[in-house]
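There are 2 protein chains.
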Amino acid sequence: MVKITFLPDNAVISVEPGTELLDAAREAGVSIQAPCGGKGSCGKCIVKIVDGHIESDSQGILSSELEADGFVLACKSKVINSDLVIEVPRQEGREGGKFTDADEDVSLVRHELLPNKWNYDPLAVKWNIVVPEPELEDGLSDLDRLTRRLQLEWGKKKFIYPLEVIRNLPEVIRKEQGNITVTLIREPEQYHVIHIEPGNTAVHHYGIAVDIGTTTIAVRLVYLPLAECVATENDYNDQITCGLDVISRINYARKPERLEELRQRVLNSVNKLIERVCKVKEIKPSDICNAVVSGNTTMIHLLLGINPEYIRLEPYTPAVLETPFLEAGELGININSNAWIYFSPNVGSYVGGDITAGILCTSLATDSEAINLFIDIGTNGELVVGNNDFMMTCACSAGPAFEGGGIEFGMRAALGAIEKVYIEPETGKCSSLTVGNVKPVGICGSGMISLIADLFLTGWLNSAGKLNRDRKSDSIRTDGRIASYVIAHGADTEHGKDIVISETDIDNIIRAKAAIYSACSMMLEQIGITFDDLENIYIAGGFGRYLDLDKAVVLGLVPDLPKEKFNYIGNSSLTGSYMVLVSQEFREKQIELAKKMTYLELSTEPSYMDQYTGALFIPHTDMGRFPGVSRKLMSSGDK
Amino acid sequence: MVKITFLPDNAVISVEPGTELLDAAREAGVSIQAPCGGKGSCGKCIVKIVDGHIESDSQGILSSELEADGFVLACKSKVINSDLVIEVPRQEGREGGKFTDADEDVSLVRHELLPNKWNYDPLAVKWNIVVPEPELEDGLSDLDRLTRRLQLEWGKKKFIYPLEVIRNLPEVIRKEQGNITVTLIREPEQYHVIHIEPGNTAVHHYGIAVDIGTTTIAVRLVYLPLAECVATENDYNDQITCGLDVISRINYARKPERLEELRQRVLNSVNKLIERVCKVKEIKPSDICNAVVSGNTTMIHLLLGINPEYIRLEPYTPAVLETPFLEAGELGININSNAWIYFSPNVGSYVGGDITAGILCTSLATDSEAINLFIDIGTNGELVVGNNDFMMTCACSAGPAFEGGGIEFGMRAALGAIEKVYIEPETGKCSSLTVGNVKPVGICGSGMISLIADLFLTGWLNSAGKLNRDRKSDSIRTDGRIASYVIAHGADTEHGKDIVISETDIDNIIRAKAAIYSACSMMLEQIGITFDDLENIYIAGGFGRYLDLDKAVVLGLVPDLPKEKFNYIGNSSLTGSYMVLVSQEFREKQIELAKKMTYLELSTEPSYMDQYTGALFIPHTDMGRFPGVSRKLMSSGDK
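As you go down the protein sequences, you meet chains A and B in turn. Each step along the first sequence adds one to the number in the numbering used here, with nothing skipped, and position 305 is 389. Each step along the second sequence adds one to the number in the numbering used here, with nothing skipped, and position 154 is 238.
In case anyone wonders, no lab produced these hints; they're calculated from the structure. Any given hint might turn out to be false.
What the hints assert, rightly or not - Here chain B is said to cover these stretches of chain A; the calculated rule only asks that three of the stretch's residues, wherever they fall, bring their Cβ under 8 Å from a Cβ of chain B:
hint : stretch
1    : 219-229
2    : 250-261
3    : 279-292
4    : 389-402
5    : 565-578
What the hints assert, rightly or not - Residues of chain B clear of chain A, computed beta-carbon distances all greater than 12 Å:
hint : residue
6    : Phe243
7    : Asn252
8    : Arg258
9    : Cys326
10   : Tyr336
11   : Lys356
12   : Asn391
13   : Phe409
14   : Thr450
15   : Thr577
16   : His579
17   : Ser605
18   : Glu619
Stated by the list, open to error - Straight-line distance between alpha carbons at most 30 Å, and here's what the computed DSS-like set of lysine-lysine pairs gives:
hint : chain 1 : residue 1 : chain 2 : residue 2
19   : A       : Lys259    : A       : Lys241
20   : A       : Lys241    : B       : Lys679
21   : B       : Lys241    : A       : Lys679
22   : A       : Lys550    : A       : Lys523
23   : A       : Lys673    : B       : Lys679
24   : A       : Lys241    : B       : Lys242
25   : A       : Lys132    : A       : Lys523
C-beta: ideal position from N, C-alpha, C; glycine also.
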């Protein structure tokens, strides 16, 4: 028997030699798409052999570069006499060219941390009932008969109805002789009937999870009866033309008409994505009756149209941390206008609901013994350290570099984004892998991390972020005082232009990683522990599945610790929002966790600047902090 | 000492002869206006000497007709050696020419039935607090600090905030260093903060009581800190151009765009009256934070934009009886957009919140022994019989005649409406008293009752409603088959036209009174009692203060019972709404009473038509039912 380990799920199975890899994966419960039915014609079942040998024929579907990198077609590969470690790449969306599967991020989260799908309990439920017909002198209105019928089902709760439901009731209740479907929002004391439809429409029941980042916004459509993620779309936040980071947005919002402009821009972004997910599944927006929105505190203020100015001014006071439920209609979100919008609770001025959603995806939410670190890398970097008993949190300004902002060819992890590179040590030549395996368009965060770490390890970049002008390479160009590195030549790119990264771009990334690393280090110092005391480090952010944590260590973005301590959990804000959407237990847990978090204001810590300056090198001025990287450098120097 | 009794308050005082009547009234606590300061120049302090003699000089201010009727100026009258009974007429509005005092109807209700003003408890309260300033690292948002401060005051309640309040919070809370005023709606489980303002604005706190009738709408502005009625305005319901009664409105509303038209029309009517009461007191509509709306079931459906069609069709099922709280903004009522609108509960398809509000003004709400009858005379007549333990209710269609609708010179009890007449028995000549003591414009309900009863008693009208063509009078004209009676000649009227009432008009009124009387009689029959078993009869309706119940008996509108059993309580729907507005206890009582009421559908009672036909005479075909009227006829015949 041969043992096969499938990454990133860590699913392990033993099979007979000769078994087809696609069958082995299915047996292990690992989903690999093969729309062509295993004929080797669609190329969708591409996997990477990380360790071991296999008998394979890629039938000319894969480029020689991909083959060289160890990629094979699972349907055309047979297990031979060698244990295997197989990496299953992020699957392309089923709807042609989408860069991410609907539940990709969810699949990154450890199974035991997720809500139990068979016992899920969403805030919004859809229920089919038959209301008895009216009788002469029964003294009951249509609403009375509906309430009595609902109380039979759900007990003597108080039922609350918005005006629209009462308006529609006489027609809806008579259309199919009292057979109607109600959408309920269940609060402990009272149930809200937010929507009614004639007939049995209980299967048309959706919710959305929304992550609002400073740079990127993501919307995930969830089929609530099965707690299933059915479509995910993301795009830039339309607000970015009004400032790249939170502080510039707050400054922009100082005039009321500009605050309103920002509100409209973020609403437009969210509504466009909702339109897209609805189109993908061909559903009506009115079938979406619940939304969970997570974002940083400033983004939520702007979405609500609240002046965020006092977040920026000492003592940094937000107007609201725990946003009450709001209705989609009053907020301007284009789903069912009576849908309830739940906002993940914010913790402080710069630690928002994206973080309280994010930690739901980690053992910080469940573990009360070991100390864990959670790092969410976005335009702001947010950190949480602690366990289920005590948590400290802080934020730092990383800037939009990791999401492609402020980098000439930077982009988010969308179709055509370079997300992994390989540098030939001798020539400095770069080969790359893009999202969707198409011609490259630009480079995303994981690509930049991979690129800079590799350039540094191969000696083409020094620890101060300067390219090596002394070694001869076609890939390095000098334009005045600034040198650039060519990642892909125009002949090979989508737009025909060279894709390059300049020393200025590299400097932006170093500043971003320095902000995050020094904030981690600062916070641990505050609570009196070291990196070695950490049991798990969770890295969140919209990097795509190829984030190479080894390379993130080399860059000095994250501490130099054993690889098994790291978990990359993708867009945990979106995943956490999904968890809250399908489970009231997780919603309660989130509120409880938010209350436990102590917020540390870094800007008032005098030594933070020193820590930051020390981190403005690759990996750090103090190489003693990165012994693993030192060893790697030595061994690459040896070669 | 001389004893003076002031009507209708029944205030009694003993004074020395020589005392000025105005002073005596003040001492007795009876409010008589004298804007000219007692110079005898404004004529506002007019009162009527019902019994006794007084020394008076009306200084040419009063017409000789008024003087002949016993009217004097209180400021120019001195008590002599004779006990007095003085009737204080309804006072004109303080703001020039308003036809009704703000709290006229309230004054008609027996004192012990009204809420105790010193212990009142409105749903909406306004509260001034100082919220502590934010501190670095206190981890509290503006909203958190506000909630904590409110919980200090009101206990660990759950506080709920609409989006607008949260939006305004950062600016409002900082404008006067945390000194703010909140407007709260207090539900048992949770408090809703519906409005916030900087500084102490607790004195700017108003509510409105709204009565929506098929023909007439009334709005009363209430100063909530003192539970004081400060302005009342009423006008026709703009919907009357779409049909005079409930059934024609329901028919009109069958197309969605016409339903919307009716909704807009009633909203416009209400909003115009709100504008007027606000103008009178020079207050901002946003200072009105609570409204109680009472109306018949159809009117409420139309205001809410609900198709009322199924009210008209068997089994006569309304969409809603107990309307939930709604916000002014979503309803379209132009007060504070977050103000809560409470609807008096409806009982059945044709017995609405105007009746559950109305019975609060009667001993049916308090008395569990004696059996009482409540009659609300509007376009629909609604009746309630019973006591605090058991109540039966029904409705009949009276038509708009008593409100002036369908009567050539009919009008509501507004400025210039003839509300009381005197017929000279020999000549048939009519002298009249108008609302506001101005030249007559038309005739209102109380005027018509007084007129028809007097014409009948003086033999100018027979019991079938035909004018006496045989006796010679300048006041009777015959135009073909229809005769008319001249109430006022053009020379004496506001518009220069003769004010007349035709036999067709009289027939309309007879039909209206027959509908009401036969419904009363029918309902008593159903529960097996007779009129003699009744302890009190409460008559409600917008007749103005001069409704003469003796004359209503002569007309056959109400049963022939001892005068002391009758109570005219004015617009009890408006008064009951006021009571609910200022007292949560009354709101609870109203809900409890609504539940106790059993609704009788008259249209399905086969014998109702017989009863109705029998009542189409003055006072009735069966004179045995009206022994008092028979005696009166005999005695007037004797004269």
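Results of checking the hints against the structure:
Counting residues of the stretch 219-229 of chain A whose beta-carbon sits less than 8 Å from any beta-carbon of chain B gives 10, enough to reach three: the coverage restraint holds. Counting residues of the stretch 250-261 of chain A whose CB lies closer than 8 Å to any CB of chain B gives 6, which reaches the minimum of 3, so the coverage claim holds. Evaluation of the coverage hint for the stretch 279-292 of chain A: breached, as 0 residues show C-beta separations to chain B shorter than 8 Å, against a requirement of three. Figure legend: the stretch 389-402 of chain A, annotated as covered by chain B; annotation consistent (10 residues with Cβ-Cβ distances under 8 Å, at least 3 required).
Residue count for the stretch 565-578 of chain A with a Cβ under 8 Å from a Cβ of chain B: 0. That is fewer than the three needed, and the coverage hint is violated. Some Cβ of chain A comes within 12 Å of the Cβ of Phe243 of chain B; the nearest lies about 9 Å off, and the non-interface call is violated. Its closest Cβ contact with chain A, about 9 Å, brings Asn252 of chain B to no more than 12 Å, contrary to its assignment away from the interface. Annotated as non-interface, Arg258 of chain B brings its C-beta within 12 Å of a C-beta of chain A; the closest such distance is 8 Å.
Remark: the non-interface label on Cys326 of chain B is consistent with the geometry, its nearest Cβ contact in chain A lying 19 Å away (cut-off 12 Å). Non-interface status of Tyr336 of chain B relative to chain A is upheld: no Cβ of that chain comes within 12 Å, the nearest being about 16 Å off. No beta-carbon of chain A comes within 12 Å of the beta-carbon of Lys356 of chain B; the shortest separation is about 22 Å. With a least CB separation of 5 Å from chain A, Asn391 of chain B falls inside the 12 Å interface cut-off, contrary to its annotation.
Chain A draws Phe409 of chain B into its interface by the beta-carbon criterion, the shortest separation being 9 Å against a cut-off of 12 Å. Annotated as non-interface, Thr450 of chain B keeps its C-beta farther than 12 Å from every C-beta of chain A; the closest such distance is 24 Å. Look at Thr577 of chain B: its CB is around 46 Å from the nearest CB on chain A, clear of 12 Å, so calling it non-interface holds up. Under the 12 Å C-beta cut-off, the non-interface status given to His579 of chain B relative to chain A holds; the minimum distance is some 43 Å.
With a least CB separation of 21 Å from chain A, Ser605 of chain B remains clear of the 12 Å interface cut-off, as annotated. No Cβ of chain A approaches the Cβ of Glu619 of chain B within 12 Å, the least distance being about 26 Å, so the stated non-interface status holds. Between Lys259 of chain A and Lys241 of chain A the alpha-carbon distance is near 26 Å, which keeps this suggested pair within the 30 Å criterion. Under the criterion of a C-alpha separation no larger than 30 Å, the hint pairing Lys241 of chain A with Lys679 of chain B is consistent with the structure, at around 19 Å.
Between the alpha carbons of Lys241 of chain B and Lys679 of chain A the distance comes to roughly 18 Å, so the proposed pair stays at or under 30 Å and holds. For the proposed pair Lys550 of chain A and Lys523 of chain A, the alpha carbon gap of about 28 Å is at most 30 Å, so the pair holds. Straight-line distance between C-alpha atoms of Lys673 of chain A and Lys679 of chain B comes to about 42 Å, which puts the hinted pair past the 30 Å bound. Between the alpha carbons of Lys241 of chain A and Lys242 of chain B the distance comes to roughly 18 Å, so the proposed pair stays at or under 30 Å and holds.
For the given pair, Lys132 of chain A sits about 20 Å from Lys523 of chain A by alpha-carbon distance, which is consistent with the 30 Å threshold.
Consistency with the previously given hints fails for numbers 3, 5, 6, 7, 8, 12, 13 and 23, ordered from lowest to highest.
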